[in-house]
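Engineer: Here is how the chains run, residue by residue.
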Amino acid sequence: MNCRTFAKTLYDFQDGALTASEKAEFELHRSGCARCAARMEAESRTARMVRTAVEDACEGLEFGQAQGRRLVPSRSSPIAGWHIAAVAAALLLMALLLPPIVRKPAPERANASESWTQEIDVTYEAGLVAETVLISHDSGKEAIIEMRVSYYP
Amino acid sequence: MAVTEAENAVAEHERKLIASWADEFGTRLVRAAAVMCGDREEAQDLVQETLLQALTCMSRFRGDAGPYTWLYAILRRQFLTRRRKARFLDFLGLVPERRDERPSPEMMMDRQSASENVRKALSRLGFRHREILFLRFVEELKVREMADLLQLPTGSVKSRLHYAVEALEKPLRRDGALPARRAEHEL
Chain A
1 MNCRTFAKTL YDFQDGALTA SEKAEFELHR SGCARCAARM EAESRTARMV RTAVEDACEG
61 LEFGQAQGRR LVPSRSSPIA GWHIAAVAAA LLLMALLLPP IVRKPAPERA NASESWTQEI
121 DVTYEAGLVA ETVLISHDSG KEAIIEMRVS YYP
Chain B
1 MAVTEAENAV AEHERKLIAS WADEFGTRLV RAAAVMCGDR EEAQDLVQET LLQALTCMSR
61 FRGDAGPYTW LYAILRRQFL TRRRKARFLD FLGLVPERRD ERPSPEMMMD RQSASENVRK
121 ALSRLGFRHR EILFLRFVEE LKVREMADLL QLPTGSVKSR LHYAVEALEK PLRRDGALPA
181 RRAEHEL
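Note that the protein sequences, when read in sequence, are chains A and B.
Sequential numbering of the first sequence, starting at 1, is according to my numbering.
Sequential numbering of the second sequence, starting at 1, is according to my numbering.
In short, the hints are calculated from the structure, not lab data.
Please note: incorrect hints may appear among the correct ones.
To be verified - Restraint-style ranges between C-beta atoms, simulated for each label pair:
#  : chain 1 : residue 1 : chain 2 : residue 2 : range
1  : B       : Glu116    : A       : Ser44     : 19 to 25 Å
2  : A       : Gly16     : B       : Leu80     : 27 to 33 Å
3  : A       : Arg4      : B       : Pro171    : 56 to 62 Å
4  : B       : Tyr68     : A       : Arg45     : 49 to 55 Å
5  : A       : Ala90     : B       : Pro153    : 33 to 39 Å
6  : B       : Asn8      : A       : Ala17     : 44 to 50 Å
7  : A       : Ala24     : B       : Arg84     : 43 to 49 Å
8  : B       : Ala65     : A       : Glu41     : 30 to 36 Å
9  : B       : Arg128    : A       : Ile135    : 31 to 37 Å
10 : A       : Thr5      : B       : Gln151    : 24 to 30 Å
Claimed, not checked - Result set (DSS-like, lysine-lysine): computed pairs, CA atoms no more than 30 Å apart in a straight line:
#  : chain 1 : residue 1 : chain 2 : residue 2
11 : A       : Lys8      : B       : Lys120
12 : B       : Lys142    : B       : Lys120
13 : B       : Lys120    : A       : Lys23
14 : A       : Lys8      : B       : Lys142
Using N, Cα and C, we set each Cβ at its ideal position, and we do this for glycine too.
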């Protein structure tokens, strides 16, 4: 047996898949070849290291557990991300195309110099999108403070 | 009526069987899944999906391979399908943060220990190399068993395992976690 054959039969030896004569030949080569013996020892060491590393990383990991810890930094699911983008696009399109049908008009104010905040609820035709707009009135000037859009599936 | 009752009985039996497999192999599968995807929570999801999938295609389980082998094959398909979907979305430019599908170098890095270098090296390997190292060194499967599981000839399994070991050891040697090849041969 040469070093090449030794390397090829290494896994069969480990699996106990060699015949008695093949096994004897394998062991004979190993005892006479420091290079192959070292290679075999290195692979055993690598196996132990991998086993320890994986067991270490999977410590306490059992099926069905609620997992608080992550092995990699948390990332949003690509599918969820795609859905969010699609819903956002649909909302924008509806907001642009559908005319609002319900609008609470601003109440009449006797004193135009008064400062007050007005809340307007807008519901779009399909009934799927509602918008709340907060407008501040200060001495006759109007400014949008906040816009909230709700989506009703 | 009798047919419906028989169907219900079969469905009930299949549900019980899957539940018993979940008890028996769940943790083993979830660990395999964690090595595949590098994420504990995703691993749980993958195993849930695997068991559901197994339940829906229970009639295809012929018992040629053991239940774990069959479930592992389903798990592997589920993982590869997820990865393909993610790649497609990446191709469309919808998920730029997932450009690199391999787990980040930080995979499994939430614990400091002596095995940190190995975990880093493992996380940088491709899925197939990481998987075969897991099957051989953690699951302790024989070449023949891995060949059945992966639907590969035994020669391909040996070759993949050899290259996986090389790929894992290379950075470990460079970082000094393993002795250099020459020094090893001089032992």
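Engineer: Using the C-beta atoms of B:Tyr68 and A:Arg45, is the stated range 49 to 55 Å upheld?
Structural biologist: At roughly 28 Å between Cβ atoms, A:Arg45 and B:Tyr68 fall outside 49 to 55 Å, so the hint is violated.
Engineer: In this structure, is the beta-carbon distance linking B:Ala65 and A:Glu41 contained in 30 to 36 Å?
Structural biologist: Holds: the Cβ-Cβ distance is about 33 Å, inside 30 to 36 Å.
Engineer: Within 19 to 25 Å or not, the Cβ separation of B:Glu116 and A:Ser44?
Structural biologist: holds (21 Å)
Engineer: So does A:Arg4 sit 56 to 62 Å from B:Pro171, Cβ to Cβ?
Structural biologist: violated (26 Å)
Engineer: Taking only the CA atoms, is the gap from B:Lys120 to A:Lys23 under or equal to 30 Å?
Structural biologist: Not satisfied, since the Cα-Cα distance of roughly 36 Å exceeds 30 Å.
Engineer: Tell me if the straight-line CA distance from A:Lys8 to B:Lys142 falls inside 30 Å.
Structural biologist: holds (15 Å)
Engineer: At the C-beta level, are A:Thr5 and B:Gln151 separated by a distance inside 24 to 30 Å?
Structural biologist: holds (27 Å)
Engineer: Verify the CB-CB distance for B:Arg128 and A:Ile135 against the hinted window 31 to 37 Å.
Structural biologist: 60 Å Cβ-Cβ, so the 31 to 37 Å window is violated.
Engineer: CB of A:Ala90 to CB of B:Pro153, is that within 33 to 39 Å?
Structural biologist: violated (50 Å)
Engineer: Does 44 to 50 Å hold as the CB distance between B:Asn8 and A:Ala17, or does it fail?
Structural biologist: Given a distance of about 46 Å, which is inside 44 to 50 Å, the answer is holds.
Engineer: Taking only the CA atoms, is the gap from A:Lys8 to B:Lys120 under or equal to 30 Å?
Structural biologist: holds (28 Å)
Engineer: Hinted pair, alpha-carbon criterion (30 Å max): B:Lys142, B:Lys120. Please report holds or violated.
Structural biologist: holds (26 Å)
The structure fails to meet hints 3, 4, 5, 9, 13 from the earlier list, while all remaining hints are met.
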